[in-house]
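K.L.:
So the chains spell out like this:
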Amino acid sequence: MDKSKIFITDDHSMFRKGVVSILEKKSEFEIAGEAETPEEMLAAPGLRSADFLLLDLSLGEVSGLDYIGKIRSRNPHVKIIILSMHNKPVLIKKAVNMGADGYVVKQSPPEILIKALQTIREGYKYLDPALSDSIYLCLSEADAVHTVSDVSYNSLSKREQEVFRLLAEGFTAVQIGKKLYISRKTVENHRSNIMAKLKLQSLPDLISYANDLGVI
Amino acid sequence: MKKVLLRNEMIKTVLLLISLFAALIVLNVINSSFLPALENSFILKDLRNRAFRKTDYGRIMNTDFIRKTLSGLNESYHGSIRSEFDISLDVLTWSLEEYSAAPDDEYRDMVMDITENQILNLIDINSKMIELRYSLFRYLLLTLSGGIILQFLFLTFSNIKKIRFMERLDLTERNFYEIQKIREQERKRIASYLHDSILQDLGGILIRPSINDDPEIRKDMEIVISNLRNLTYSTAPLQLHSLGLEESIKEYIGSFQKSSAMTIHFLCSPTGEIHLDEDEELVFFRFFQEGLNNARKHSGTDTVWVKLVESHPYLILTVKDQGRGFIYDREHPEESHLGLPLMEQAVKSIGAEFSVNSAIGEGTFLKMKYNLYQERIDGQK
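Protein chains in written order, with my numbering: chain A, 242 to 457; chain B, 16 to 396.
The reader is advised that the hints may include incorrect statements.
[Said to hold, decoys possible] Rough simulated footprint, nothing fancy, chain B against chain A, three-plus residues with beta-carbon under 8 Å: (1) 257–266; (2) 401–411; (3) 440–447.
[Unchecked claim] Within a straight-line C-alpha distance of at most 16 Å, the following computed EDC-like cross-link-like pairs (lysine to aspartate or glutamate) qualify: (4) A:LYS334 - B:GLU261; (5) B:LYS384 - A:GLU403; (6) A:LYS356 - A:ASP446; (7) A:LYS438 - A:GLU403; (8) A:LYS335 - B:GLU262; (9) A:LYS334 - B:GLU193; (10) A:LYS246 - A:GLU363.
Keep in mind the hints are simulated off the structure, nothing from the lab.
Just so we're clear, the structure is a prediction, and the values are computed from it rather than from any experiment.
Glycine is no exception: its CB is placed at the ideal position from the N, C-alpha and C atoms.
Using the sequences provided together with the hints, build the complete structure.
P.N.:
Printed below as a string of C-alpha cells:
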C-alpha cells in the first residue's frame, strides 16, 4: 500500500512536532508538509498532493473551518481531520456540516489519531470516542434544548411583527396607527392578516400567543 | 439634584412675577397719565399758536377756539400739579369772560396778556407732568429690563448647568460602556491565552509517547486539561461570535443542565439571521448567563424558560422562572443580587431596555429588549 501523505496545520509548534514524531514512526504515513497559519497552508505545495489534512480548529484569531472551501479548491480529494481542544457538540456539528471527515480531540492518546487516519482511509468517517459522552448528552437533551422555529410567526412581515407586538402590548388600532404613521384601516388590515397567518381567533388568543413566544 | 432644580424653578418664578408686575405698572402708568399728558402737549401747543391773531385793528383773542380747546384737555393730573392746572384753567375761564365784557382796549389787552401767560403756564405744568411720568416710566422700564435680563442670565446659567450635568451623565454612561468593553476584552484575552497557549502546551506534552506510556500521568494531565478548559469557557465565550448567539445559548444550556440538574426550555423564534456585533452579542449572552445563574442560586425551582425572539425592530431575550421571587431594589440591591444592577448598566450601555419583574412567591422575569436598527452609543450602525 502506498504511504498516505499527511499535511499538518496547527499554530502550536510543540503540538505539531509531537504529531509529526508520532506519524513518522508509522511506515504507512509520510509527512507532506506543515503550516502554522492558513496562508502558509494554502501556499504550501504539499497541500495539493496530500491525502490527509490534520487541521487545528483554532488558528489564532480565525477558525480552521472557514478555510475548508479554499482547501477543497486546492485539493478536492484531501480528507480533513479536525484536531481541537474543544469538545463542544455544537463545534463538532459545525465541523461535520462544513465537510470535515473526522474529529479528534488533542488530548486523546496518539492511537486515536492513527485509528482516525486508518478508518477514514477505508472510506468511513471518524469521531473521537472521547466525544461520545458529549454527543450522547446532546442527543438526550434535544427535548429540553429545542428551538421553536415557528413557521407561522416566521411568515409575518416586519410590519406585521410590529403590529402584532403592539396589539399584544394593549395598544388600540388608532394608537398603533399614530405610532407607526399609518392609517387605522391599514392597522386593521395587518391585524386581519396576522390573525389569519397565526390561526388566531381573538385578541386574548393573540396576547397568549405573544406571551408564549416571549414577545411580551 | 431635585432640591436644586426646585430651588431654581422657584427663583425663576419669582423673577418672572417681578417682571410681570413691573410690566403691569408700566402699562398702567403709560395708559393712565403719560399718554394723556403727551396728548395735552399737542393741544396746548396748538392753543398757544392759535389763541390770538393779528388784525388790522390789532391783536384779538379767539375766545371760541380757546373755550373749545380748554374743554378738550385731558385732566388726568394728580397732586400739586393738579392744583396748579385747575388754577390756570379757572384763570383762563375768568379771562374769557372778562375779554367779552372788557370796557376798553386797555383792559382787553391786559386780559389777553393774562390769558397768554396762563396758556404758557399750562404748557409748563404739562411739561412737568410728562417729565415726572417719564422718569417713573424710565425707572419701571429699567426694573422690567433688569428682571428680564436677570431671568435670561439665570435661565442660561441653569441650562448650562443642566447641559453639563447631562453631559456628565452621558459621559458616565459612555465610561461604563468603555469600562465594560475593556473588562470583556481583558477576560477574552485571558481566556484566549489559557486556550491558545497553556492548553495547547499541555496538549503538546500529552501527545508525547513518554506520557502515553504512563497511564497515571496521562489521566492526571487529562483532568488538568479538562479543568483548565472549563475555566476558559467560564471566563469568556470564545466561540460566541463564530457560533452565533442562538447556538452559543443552546450550547451553554447543555453544559448548564449537566452541572445544575435544572431543566432549561429554550424557545428561539428568529425570522431571519440576527445581525449583532460582538459587543452586543456578548451583552445578550451575559444577560442570559446572569439570568440562569440567578435562577440556579435563588429561585428554588428546577425549571427555567429562556426565550429569544425577533419582533421587528427589536430582539427580545427573556429568562423566566416560577420560583420564590425577590424584591428588586435597584438603588440598594441585596448582596445576593448585586449582579443585576451591573447587568442593567451593561444592557443600557448598548441602548437596550432592561426590566425585572419579580415578587415574593411569584417567580422572576428578566427581559432585555434591543432595537436592532438604532444608532449605537459609539455612533456606529
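K.L.:
Against each hint, give a clear statement of whether it holds in the structure.
P.N.:
Results of checking the hints against the structure:
Three residues within the 8 Å Cβ limit are the bar, and the region 257–266 of chain A against chain B gives 5, so the coverage statement holds. Residues of the region 401–411 of chain A lying with their CB closer than 8 Å to a CB of chain B number 4, which satisfies the three-residue condition for coverage. Coverage of a stretch by a chain is defined here by at least three residues with a beta carbon nearer than 8 Å to that chain's beta carbons; for the region 440–447 of chain A and chain B the count is 0, and the condition is violated. Proposed proximity of LYS334 of chain A and GLU261 of chain B is supported: the alpha carbons are some 14 Å apart, at most 16 Å.
For a cut-off of 16 Å, the pair hint linking LYS384 of chain B to GLU403 of chain A stands: about 14 Å separates their Cα positions. Restraint check: the Cα-Cα separation between LYS356 of chain A and ASP446 of chain A comes to about 57 Å, which exceeds 16 Å; the hinted pair is violated. Taking the CA atoms of LYS438 of chain A and GLU403 of chain A, the gap is near 15 Å; set against the 16 Å cutoff, the hint holds. About 10 Å separates the Cα atoms of LYS335 of chain A and GLU262 of chain B, which keeps this hinted pair within 16 Å; it holds.
At most 16 Å may separate the alpha-carbon atoms for a hinted pair to count; LYS334 of chain A and GLU193 of chain B exceed this at roughly 35 Å. At roughly 15 Å between alpha-carbon atoms, LYS246 of chain A and GLU363 of chain A fall within 16 Å of each other, so this suggested pair holds.
Checked against the numbered hints above, the structure breaks hints 3, 6 and 9 and satisfies the rest.
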